[in-house]
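S.K.: Below, each chain spelled out in residue letters.
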Amino acid sequence: MTEPSVTHPYTPQQELPDHPVPVMQTRSLNVFYGGFHAVHDVDLAFGHHEITALIGPSGCGKSTVLRCLNRMNDLVPSARVEGEVLYHDQDVYAPSVDPIEVRRHIGMVFQKANPFPKSIYDNVAYGPRVTGMKVDSMDDHVERCLRGAALWDEVKDKLKESGYSLSGGQQQRLCIARAIATEPDVILMDEPCSALDPIATAAIEDLMLQLREQYTIVIVTHNMQQAARVSDRTAFFTARPDETTGNRTGLLVEFDKTSTIFENPSDQRTEDYISGRFG
Amino acid sequence: MTTTARAPSARVDNPLPTVSLSKSSPRHGEKVVVGWLFLCAAFSVLVTVGIVLSLIPPTIEFFNRVAPADFFSTDFWAPTNSGNPGFGVLRLIVGTLNVTLWALLIAIPAGLGAAIYLSEYAGRTSRKILKPVLEVLEGVPTVAYGFFALTFVTPILREIWPTFLPGRLGEPPGIFSAASAGLVMGVMIIPTVASISQDAMSAVPSGLRQAAYGLGSTRMQVATRVVVPAAMSGIVASFVLGVSRAIGETMIVLLAAGAAANLTMWPNDSVLTMTTFIARTSTGDIGTGTTTYYTIFAVGSVLFVMTFLMNMVSIALVRRFRETYE
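Same order as they appear, the protein sequences are chains C and L. Per our numbering, the very first residue in the first sequence carries number 83; after that it's consecutive. Per our numbering, the very first residue in the second sequence carries number 418; after that it's consecutive.
Since the hints were derived computationally from the structure, they do not count as laboratory data. Each residue gets a CB set at the ideal place from its N, CA and C atoms; glycine is no exception. Mixed in with the good hints there might be a few duds.
[As the list claims (entries may be wrong)] In silico contact screen, one side only, chain L against chain C (beta carbon under 7 Å); selected entries:
id, residue
1, PRO590
2, LEU625
3, GLY631
4, GLY633
5, SER634
6, THR635
7, GLN638
8, ALA647
9, MET649
10, GLY651
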């Protein structure tokens with residue numbers, strides 16, 4: 083395998099601090115589904131205006147970790163979370179915290195583009211409407227978000243058409259526009275390009291690099307080149323089978339600057355995965 | 418052959434084997450099964466056509482005897498009165514609409530509420546219990562509902578009627594009333610509306626719910642702003658089916674709504690519906706070939722056309738307003 087480039091095509095990589103200035107952090111995060119221990123002791127920090135990639139083989143718990151960050155795992159009845167998830171130094175799992183409020187600050191983009199069966203305009207306006215957000219002019223706000231998602235020029239003449247009239251890549255950018263419409267400061271992306279062709283993927287990756295100027299981004303990806311191309315830091319997860327039950331528990335192997343992970347990993351498992359020897 | 422069988426000489430020495438791609442067996446059984454399946458599909462269509470055809474000649478005969486203007490625009494109903502008969506069907510149509518209105522006022526909110534609860538709120542256990550119970554209610558014979566209306570609901574209504582209300586609305590209902598029949602009919606239709614609406618809501622892809630939750634929606638917002646609009650075509654279909662059942666329902670109105678052809682939309686009045694008229698009149702007491710006999714078919718045709726038109730309108734509505742998520 084050729085060594086992937088780790089320089090950003092968009093902005094030359096700024097001096098990345100050795101340790102992230104965290105907007106979000108996990109401390110000893112453990113996740114259980116019923117009796118199944120899905121994720122073991124994850125400590126991560128997601129830096130301000132950085133893109134953090136979570137990579138690893140299937141079943142290593144990277145999506146589970148992502149879904150803990152905005153409490154989407156609450157929707158799974160048997161899910162249980164131990165440890166802390168800090169957002170601006172507040173534990174989002176504290177009893178006084180309303181998960182709905184959490185999700186208004188931490189937006190999410192999903193693997194499969196899932197626009198609502200409504201018009202393009204109403205898709206973007208949905209979040210501000212349900213959250214009762216005060217905007218001076220919804221038209222301007224929708225335009226701003228669509229511009230922010232690099233979609234405005236393609237849809238400005240058909241805002242009343244269904245979101246499903248768009249191509250797959252456009253739908254995913256619509257979902258990004260919808261996510262930034264509630265003005266979050268963190269955006270979680272769960273394999274956002276896995277259903278897209280390479281050209282649409284490139285458009286989303288460009289967009290991510292633009293969004294980094296304003297948002298903190300966490301992305302789960304199966305595509306190592308993608309992690310290398312867009313992310314500032316990378317967390318590598320793997321799955322360890324339980325000796326008695328055979329259930330695979332995900333754990334964090336290594337978390338560092340992306341350049342370090344890809345060029346000079348300190349753990350043999352990371353190196354094996356990066357160089358394509360397993361996974 | 419060695420593992421290096423890919424040598425050029427091997428290709429020349431071993432030409433491709435012949436492979437037959439023609440049918441290996443004639444598969445007559447498949448044709449028989451497909452033919453049988455076609456007959457099953459055609460059967461219900463044929464029966465519907467047959468019903469329509471059997472309604473048409475007696476209806477034409479009726480209109481040979483009674484002018485359409487007398488049927489649709491006079492306000493006098495006495496088809497069995499030999500001296501001075503009246504055939505103003507308007508009174509029956511209004512009677513039917515009266516009961517249907519009260520039934521829908523019960524069934525649509527309760528059915529939709531039950532569907533939203535079952536689809537979006539209920540845990541696995543409560544859904545496992547509630548859904549079958551609801552579906553059992555669908556199977557209760559309508560004569561049981563009719564008896565329930567007459568002997569249980571009517572006395573209670575007479576007891577608790579809000580007599581402090583001014584004017585006509587304050588008068589307690591008699592033994593027969595549109596209110597009693599309508600309320601019980603509404604209860605009867607709840608499972609239909611709930612069950613079909615819930616199926617439509619459960620079919621909404623979970624990705625849409627996830628997206629809505631991810632944007633900070635409450636459960637109620639997810640249900641009312643995303644799931645219900647996405648399931649609208651199924652929900653409207655459940656309403657239409659409910660209306661059709663209400664219009665066509667016979668036993669409840671026969672037992673509880675009375676036989677007086679009053680031109681009224683008040684719930685506390687007794688009304689004669691089209692179905693009650695047909696059921697009461699086709700008892701064998703009337704002679705074949707009398708005008709009263711043909712009246713049954715004319716009223717039946719009106720009933721058929723009403724439900725048919727309603728289905729057409731609802732299909733058009735659904736086409737126009739549904740949010741497709743494909």
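S.K.: Looking back at the numbered hints, which does the structure fail to meet, lowest number first?
M.R.: 1, 9, 10
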